[in-house]
Amino acid sequence: MKKDYSDNDEFDARLRRALRDLPVPAEFAVAPPRRRFLRVGLAWAAGLAGVGIAGGWTMWRELSMPSLVRVAFAHARDEAEVRGTHVRDAAAAQAAFGITSQQAFPGTLQLCKDCLLGDQSAWHVNLYLDDHGFVHLFALRDAPAVSVTEGRALEGYWRFFTSHSGFSVLALAENSQALSVITRTLFA
Amino acid sequence: MSDRQQTQFVQWVKDYRDFLYRAAWAITGKRAAAQDLVQETFALAWRARHQLRDGAAVQGWLYRILQRQAIRNWRAREQAENWDAAECERAPDQATDGSMRFDLMEALQALSPQHREILVLFYLADLNYSEMAQALELPAGTVMSRLNRARAALRQLLGEEYMK
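From first to last, the protein sequence lines are chains A and B. Just so you know, we're using numbering that gives the first Met the number 0 here: the first sequence kicks off at 0 and counts up by one. Just so you know, we're using numbering that gives the first Met the number 0 here: the second sequence kicks off at 0 and counts up by one.
The hints are simulated quantities; they were obtained by calculation from the structure and are not laboratory data. A hint or two may mislead.
Derived Cβ-Cβ restraints for the label pairs, each shown as a range [what the hints assert, rightly or not]:
no.: 1; chain 1: A; residue 1: Ala44; chain 2: B; residue 2: Asp2; range: 36 to 42 Å
no.: 2; chain 1: A; residue 1: Gly46; chain 2: B; residue 2: Ser129; range: 14 to 20 Å
no.: 3; chain 1: B; residue 1: His49; chain 2: A; residue 2: Leu153; range: 36 to 42 Å
Listing some non-contacts, in silico: residues in chain B with all C-beta distances to chain A over 12 Å [stated by the list, open to error]:
no.: 4; residue: Arg16
no.: 5; residue: Arg30
no.: 6; residue: Gln50
no.: 7; residue: Arg67
no.: 8; residue: Ile70
no.: 9; residue: Arg71
no.: 10; residue: Arg74
no.: 11; residue: Asp102
no.: 12; residue: Arg148
Idealized CB from N, CA, C, for every residue including glycine.
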């Protein structure tokens, strides 16, 4: 290695010798770093377990969801772009949701339509709530037999309500707060 | 650790263990602390080995790791002088009166950390200014001027007696 300086005097040479002659203990052995595979393996195992638990939880959630909810999510997806009022009797539809003629739906009404969810006949209302996004409401003409009344699916949150007029209403929303708003304004 | 990695690690230890130990001793002033520091340095270097660019000076790189670890240890023990503070000398006044006698280690410990680290590198490693600048992460001009000041300070601390 080429040095671009030289010992300028005996002082430097002496110090250099002194430092380079510092004794290194013979028993001083440097151990190689411990194998990390155990740590890495544990991290991987923990990661895989986490993924497994999350996957299992998601699968359980999806499987435990009533089939009617699954059908409703698919229906909402199909009619997400449909706008307007397409019911023979708008007052009856509104009444099914427990809204009187003097009242209005919360948010902006996007869609009001008769529909079929599997073999269930329902009124379908799509609302847009500022800050909370879209909410699909299905007022079911026949009360469904479901053991679970609310939950979370891959596509969003769902909850069953009973309207003031006694209809079972299924609400779907991407945002859980949207369901809270609907609960407060329509079903409280 | 694969055989090839094991071989590389052993080679590093073989080539630089003594240099790092002496540097650590000179920096810390304590042999036990020096051993710990060298062990930590090799462990850190091994973990960071992918950061070492091909052809880079391993010695300077290891010294930089050692020096940083020394600072960390200092701070952890709350014994630190302010390493980042402006360069300052400790006890030169005591040394000039001729009544103080410092041996080399004591004198190094009496220097500011910046002066100590540059002197240790200068006297222990066969590095040119550019390599020292790289190891200390300083401009070459700063290395030259700091080295001159450090040598002068050390000379003052050790006194003329040291030359006899």
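Evaluation of the provided hints:
| no. | hint | verdict |
| --- | --- | --- |
| 1 | Ala44(A) to Asp2(B): 36 to 42 Å | 26 Å, violated |
| 2 | Gly46(A) to Ser129(B): 14 to 20 Å | 44 Å, violated |
| 3 | His49(B) to Leu153(A): 36 to 42 Å | 39 Å, holds |
| 4 | Arg16 | 6 Å, violated |
| 5 | Arg30 | 7 Å, violated |
| 6 | Gln50 | 15 Å, holds |
| 7 | Arg67 | 17 Å, holds |
| 8 | Ile70 | 20 Å, holds |
| 9 | Arg71 | 17 Å, holds |
| 10 | Arg74 | 23 Å, holds |
| 11 | Asp102 | 9 Å, violated |
| 12 | Arg148 | 14 Å, holds |
The structure does not agree with the numbered hints 1, 2, 4, 5, 11 stated previously, though it agrees with the rest.
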